[in-house]
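Q: Fit chain B to the supplied structure of chain A, relying on the hints for placement.
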Amino acid sequence: MARAKILLLGALFGALHGCATKAPPKTALVRRDSSSEVSVRLAVMPSDSLLFADIATALDAQLGRARVAGARTTIRANISMEVAQLALECVSPTDECYAQVGRFLQVDRLLWGQIARDLSSSGVKVTVVLLDVARGTQLARAEEVFAQNDAAIGGLRRLVERASSPPPSPPPGALSQREHTR
Amino acid sequence: MSTRVCGRCRRPLPAPATEGAAPAPCPFCAAQDAGRAAAAPASRAQPARPSADAAAGKKRAEAFASALAENASRTTPVHSFAVPPEAIPVVNQPRRREPPPPPTPPPIFVAPPPPPEVEVIPAPPVAPSQPAPRRAAAVTATLASLGHVPVAPQARASSPAAAAAVVAAPSAVAVAAPPSPAPAASLAAAFTAAPTPVVAPSPHLVSVPPSSPASVAPAPVARAAPPAASLAATMLGLSPPLSESRNAPETPRAAASAEGYEGQRGAAAPAERGADAWNIGAYLDNAGAAGSPAPPALSPTFAAPGAADAQPAMGSEPVDLQIRSGLSLLLDRLRQRGIAVAAGAALLVAVLGAGAFVLLGGPLRSGAGKPGAATASVAPAVASRVSAVLATGSQLPSLVMPKMTEPSIEPAAPAAASPKIEKAEKTAKARAPEPEAAPPAVEEEAPIAAAPARSPAHSEAKSRSVSKHAAHHAAASSSSRRTSAHRRTTAHAGALDHGDSDVSESDKIARARDAYREGNQRLFSGDAGGAITAYEEMVRLNPKDPAGYRGLGLASAQLGKRTEAVRYLRSYLKHAPNADDRAIIIGRISLLQTLPP
Chain A
155 MARAKILLLG ALFGALHGCA TKAPPKTALV RRDSSSEVSV RLAVMPSDSL LFADIATALD
215 AQLGRARVAG ARTTIRANIS MEVAQLALEC VSPTDECYAQ VGRFLQVDRL LWGQIARDLS
275 SSGVKVTVVL LDVARGTQLA RAEEVFAQND AAIGGLRRLV ERASSPPPSP PPGALSQREH
335 TR
Chain B
285 MSTRVCGRCR RPLPAPATEG AAPAPCPFCA AQDAGRAAAA PASRAQPARP SADAAAGKKR
345 AEAFASALAE NASRTTPVHS FAVPPEAIPV VNQPRRREPP PPPTPPPIFV APPPPPEVEV
405 IPAPPVAPSQ PAPRRAAAVT ATLASLGHVP VAPQARASSP AAAAAVVAAP SAVAVAAPPS
465 PAPAASLAAA FTAAPTPVVA PSPHLVSVPP SSPASVAPAP VARAAPPAAS LAATMLGLSP
525 PLSESRNAPE TPRAAASAEG YEGQRGAAAP AERGADAWNI GAYLDNAGAA GSPAPPALSP
585 TFAAPGAADA QPAMGSEPVD LQIRSGLSLL LDRLRQRGIA VAAGAALLVA VLGAGAFVLL
645 GGPLRSGAGK PGAATASVAP AVASRVSAVL ATGSQLPSLV MPKMTEPSIE PAAPAAASPK
705 IEKAEKTAKA RAPEPEAAPP AVEEEAPIAA APARSPAHSE AKSRSVSKHA AHHAAASSSS
765 RRTSAHRRTT AHAGALDHGD SDVSESDKIA RARDAYREGN QRLFSGDAGG AITAYEEMVR
825 LNPKDPAGYR GLGLASAQLG KRTEAVRYLR SYLKHAPNAD DRAIIIGRIS LLQTLPP
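In the order they appear, the protein sequences are chains A and B. My numbering numbers the first residue of the first sequence as 155 and each following residue consecutively. My numbering numbers the first residue of the second sequence as 285 and each following residue consecutively.
Hints are not guaranteed to be accurate.
Stated by the list, open to error - Only some residues are given here: those of chain A computed to face chain B with a beta carbon under 7 Å:
(1) K159
(2) L163
(3) N232
(4) V237
(5) A241
(6) V245
In short, the hints are calculated from the structure, not lab data. Note that this is a predicted model, so its numbers are computed, not measured. Yeah, the Cβ is synthetic: ideal placement off N, Cα and C, and Gly gets one too.
Chain A extracted, bound-state conformation (with noise of 0.2 Å):
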């Protein structure tokens, strides 16, 4: 008798369920473009020629040749990051400043070199840079510091490569991995 009233009662709220609704419609499904991933659009800004022009045409011509993981296209910027710190009004050497540079640009990766003297060891201090411009964030840093400068060009190319070669990308939310290397 209880399960009788139970099926009727399970007809009866199917029954007036039916009737009131429909099916919803169907949603197509989002899908994420796992295509982004491998379009990145990668500048690579030459260095500063002022100060060791040399050493800044051996490490532009080693930035051109840089194979950065995921990035298909690759531009070539014009001015150094310096001048264009200058004419954006943001000189700091953050790495917010150097993602607004990215974002004036409109890459996803910014390469850059920067070449400077070394004032405790009156080396040449080398340093490249693989900055990730959505998260603002440094994906990979390689510095040196040479003694002189034929040795300074000869290990470009090492530091390049530290550089456009970064481990596997963090999740979302991690901190830049730096690499220090003296």
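A: Below, chain B alone, put in the same frame as chain A:
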């Protein structure tokens, strides 16, 4: 021949009249009991309950009445309410939990028989722990109160053992005598002269002292004393049932009003009314009677196997008084039959279905024909329908709701204007001349020039300024910023001339920033010459902004024009002595100066 002795006085009993018959009772004890009964004071007939108990009874009755009055003021039906503990009489003491009292040698029954009535009851072999069998008291009370009035025969027949223990034994003899006190000796003689004395199974003879003469109805004198055995049998046969007298003590006064009391009790059986209610009702009925005796404790002897225990044993704990009304009885029956659950479930399903149909059925059906109907569009429709339903007061005459139409944006024209409004409009038109055309929008500049001017000189100057302004803005409407500036300037086209300087100043500043951005764009794209042009435009528009000089220096350095670069960079430092990038600019200046040409 065996010599029998009295169990009370240990004297030899007289020999029975016939061989094999029961031995006659002890004449000595009978005479002694008769004399004691004659000398018994009237105070022995007083109720056993002291006066203190009567006061407590009154107190309990008042408490119960107050509880009833408090609950009577409620509007909702009360199915049960708590009765204060002081309002509950202790009618049933725990029966078998009490330790057995020490045995009293001669059990004396305090019963209200007529004064000369003597009951010779053979005592059981073992003296009962409880003082008085209630049924015996009730039988004697009934006999005393009813007299010769015939009563209904006893409906409930107790077990033979119980009957034998009370008065129904053939050996028990009750003699009804006139109310006038009779000599004990004559009574004893008459007793002994009985034709067929019955031998009691037990040699104990218990004398029952008479109760107060006032509470005993006079027994008929005219009737001759029947034989003792037949009289006892008649009494037992005609005694009323004692089923409900267990907890309601039958006092002589209560016995006199037993008829009305039985009528009240007959309205509802104790089991239906509730045991507590019955007890309290019985108590209230007897509460007014001062000096009502205490309810006799039940003796195990009277726990007849066939008699149902009508009331549970109650202590002094508070109990809920259950008063069932018609609704509660109906619900109880529904709950017992499982109909309530089914009805509730069906009602719930119906309500849910109706609500879902009303709220969801319409929008989904209306959007069913549209292939691209999405859930995002359904939610506002549902919300609007819900709000509409709530706004209309949830009037749902039927499950089929009419299709709701979207409210029109344009207000509907009134069907027919009132005659007063038409008359007022006609009067206003007749009085006022035809108004000029509405002033054109600010953005429309041509009608402004074509508008009729009141003063020729003023209009001529104004037309010149407007045309000049229009030409200026026509050239400066390339970028979005210029468009915004154009709007802002056009909005002030009719302003005075002194405002043009401010407007042009801010406009120049904005245009200078636009030029700087354009120079940056050209510099980043490698067009250093175009960047220099843009930066020069910026410096021309806003010479006070040092950014233009910096841009000129950077672009000149990109082109290899070191001298010009240094000159512009120094100009920058001159216009922005506290700039953040001063150190960098100084370093670049030094590098540009030190580099070989």
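Q: Run every hint past the structure and note whether it holds.
A: Evaluation of the provided hints:
no., hint, verdict
1, K159, "holds, 5 Å"
2, L163, "holds, 5 Å"
3, N232, "holds, 4 Å"
4, V237, "holds, 5 Å"
5, A241, "holds, 5 Å"
6, V245, "holds, 4 Å"
No hint from the list above goes unmet by this structure.
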